[in-house]
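Chains as they are written, first to last, in my numbering: chain X, 1 to 118; chain W, 1 to 147; chain U, 1 to 338.
In case anyone wonders, no lab produced these hints; they're calculated from the structure. Treat each hint with caution, since some may be false.
The following residues of chain X were derived to be distant from chain U, with all beta-carbon distances above 12 Å [what the hints assert, rightly or not]:
1) R5
2) V8
3) A12
4) I16
5) I45
6) E49
7) P50
8) V81
9) L83
10) R84
11) F87
12) L103
Simulated coverage check for chain X against chain W, where a stretch passes if three residues somewhere in it have a Cβ under 8 Å from a Cβ of chain W [unchecked claim]:
13) 19-25
14) 52-62
15) 67-77
Here are the simulated SDA-like cross-link-like pairs (lysine to any residue), alpha carbons at most 25 Å apart as the crow flies [stated by the list, open to error]:
16) K3(W) with Q8(U)
17) K85(W) with K3(W)
18) K85(W) with P225(U)
Beta carbons: idealized from backbone N, C-alpha and C, even for Gly.
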Amino acid sequence: MEYVRAFVVGGAICIIGQILIDKTNLMSGRILVMFVVLGAVLHGIGLYEPIVEFGGAGATVPLPGFGYSLAKGAIQEVEKVGLRGAFTGGLKATAAGITAAILFAFIASLIFNPKAKD
Amino acid sequence: MDKIQNMKNEYQQMVKKTSPNSNLLRDSVRAFWVGGTICAIGQLITNIVKSFGYSKDEASMIATIILVFLGILLTGLDIYDSIGKYAGAGTIVPITGFANSMVSPAIEYKKEGYVFGVGARMFLIAGPVIVYGTITSVIVGIIHYFI
Amino acid sequence: MSKHIGNQTIKFDLPPSIIETASIVGPKEGKGPLARYFDTILHDPLWGEKSWEKAESKLVNKSIEKVIEKANITPEDIQYIFAGDLLNQLTASTFGIRNYDIPFFGLFGACSTMAEGMMLGAMTIDGGFADYVIAEASSHFCSSEKQFRFPLELGTQRPLTASWTVTGSGAVIIGKNNNPPYITYITTGKIVDLGIKDPMNMGAAMAPAAADTIVTHFKDTGRTPNDYDLIITGDLGYVGKELALELIKKYNYDIENIFSDCGIEIFDAQTQDTHAGGSGCGCSAVTFCGYLYKEMKNNKWKRILFIPTGALMSPGSTQQGETIPGIAHAVVIENQLG
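The task is simple: from the sequences and hints, build the whole structure.
Here's what the structure looks like:
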């Protein structure tokens, strides 16, 4: 059941992205930015946590989940250390993902070359 | 001036009528099942990690690292873009798509050198995501402090 | 007597001859419907080079070498090269041509460059300023994607209105009036911009320019569609072709039965997944140098109107929200004079 919920919630978020691509001609980069901001804002007003509770990875794996982690980190850190936590909490909570992406992307650039398409 | 504007408006209508539209239903079905599958795999990895005694948050973090790794590996192997052509948002929106957006320019621009090619271009798409995500999180944190 | 007729057209007194052509294309073009017309088909789009840009420069270099060889003359016989491509500062052309000891005019007309080169070349010959000139244009799918769109490995979907940049280079040698086919008329296009902003729908951005040039050509020369066996635009693709046809009909010219587009001819849209069709400077260049030139030599057509089209935008202008200016130049190629 857990997997079905992750599948459905994650798939539904992707459909929203697809509608934006097909209907508005938005480039993928803009959609990623919108989704991250959306995830952070929704968590700020307390609406994303329930989605995570229900969908698990279906809510955390898509990009709004990245925004959610940023906002959640900031809020938790603010509760721990006060206002300065707003400056440290977000990136602290998402450091693993960002660092992994930087490191692996760099290693990949040492190994791989772009391929022509047909 | 009005005449030219009218001509432009009329032409925009013509273009709208002539240009084929994407098949939204088909695209959405594809985005749904591929995106959903990536998330279900994410759930599976999280559960496996959790079974080693990690907390929910730790497991989710480790799953993210693994998914990022897989996204980058599939990009390097020239597979991710083919899935992306089929799945659209289904592969753009998950964290693997974020990883793809970092590694694809890194590979493409390595001919321009490791500093200004790989190092700088890696953030072509991911940069704005991190910028606006971070700014939003700071604002959310500050608001949370005051209320 | 003035050679300039009407508003935008030149009629050559002694029409220059297109002496020889050469074309080199990438693997995808080599699997397309026009494959048998090309001189060289590459198996590797990188052609043993270290970057896409270097590969495109090699296309330029080798197509010029090939056309000189086929014409049985030497590089010393060529007085000018007119060439261009899509890359910043004409990277492909200048680096491809730098080892030739031949005076060079670099041209930017986006995908209309081949016409620009042929027109200026024909004028140079007719003016008596040279005996032989080369006009050349190139594009490369990978270098264009990198500059204008996305990294190759980025997982995105291409809209149905998007075109596929042709990998290829075409070169022609134009010389004094000798054997057919001849360049008899040229109609230089004006920039036309009807406010299209979408760089993934370049056919729509260029169609008004193509229609404008074709209609102007008829008015300037007094000719009608019946005077031509084929009217072929550069890279309007399926969307742009429909639009151009509709726009031309408003001026009471019906060209439907003899109208085609290089971007439609070069790929098989059903099996090659090229959406709106081929594009890029190389699209009209290789289609002319391969298909059109060789079939004119075979007398399949006696008189054609060849109209390469260009979308004159840059990645920067698109990001700044600018609309896309279009241009189209018409060249008349005929087998018989008088």
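Evaluated hints:
1. R5: 25 Å, holds
2. V8: Non-interface label on V8(X) holds, nearest chain U Cβ at 22 Å vs cutoff 12 Å.
3. A12: 19 Å, holds
4. I16: 15 Å, holds
5. I45: 31 Å, holds
6. E49: Holds, since 30 Å exceeds 12 Å.
7. P50: Non-interface label stands for P50(X): nearest chain U Cβ at 30 Å, farther than 12 Å.
8. V81: 39 Å, holds
9. L83: 36 Å, holds
10. R84: The assertion about R84(X) holds, with a minimum of 36 Å to chain U.
11. F87: 30 Å, holds
12. L103: 18 Å, holds
13. 19-25: holds (count 5)
14. 52-62: Since 7 is at least three, the answer is holds.
15. 67-77: holds (count 7)
16. K3(W) with Q8(U): Given pair K3(W), Q8(U) holds - Cα atoms ~23 Å apart, limit 25 Å.
17. K85(W) with K3(W): 42 Å, violated
18. K85(W) with P225(U): Violated: K85(W) and P225(U) sit about 41 Å apart, past 25 Å.
Violated hints, listed in ascending order, are 17 and 18; each of the other numbered hints is respected by the structure.
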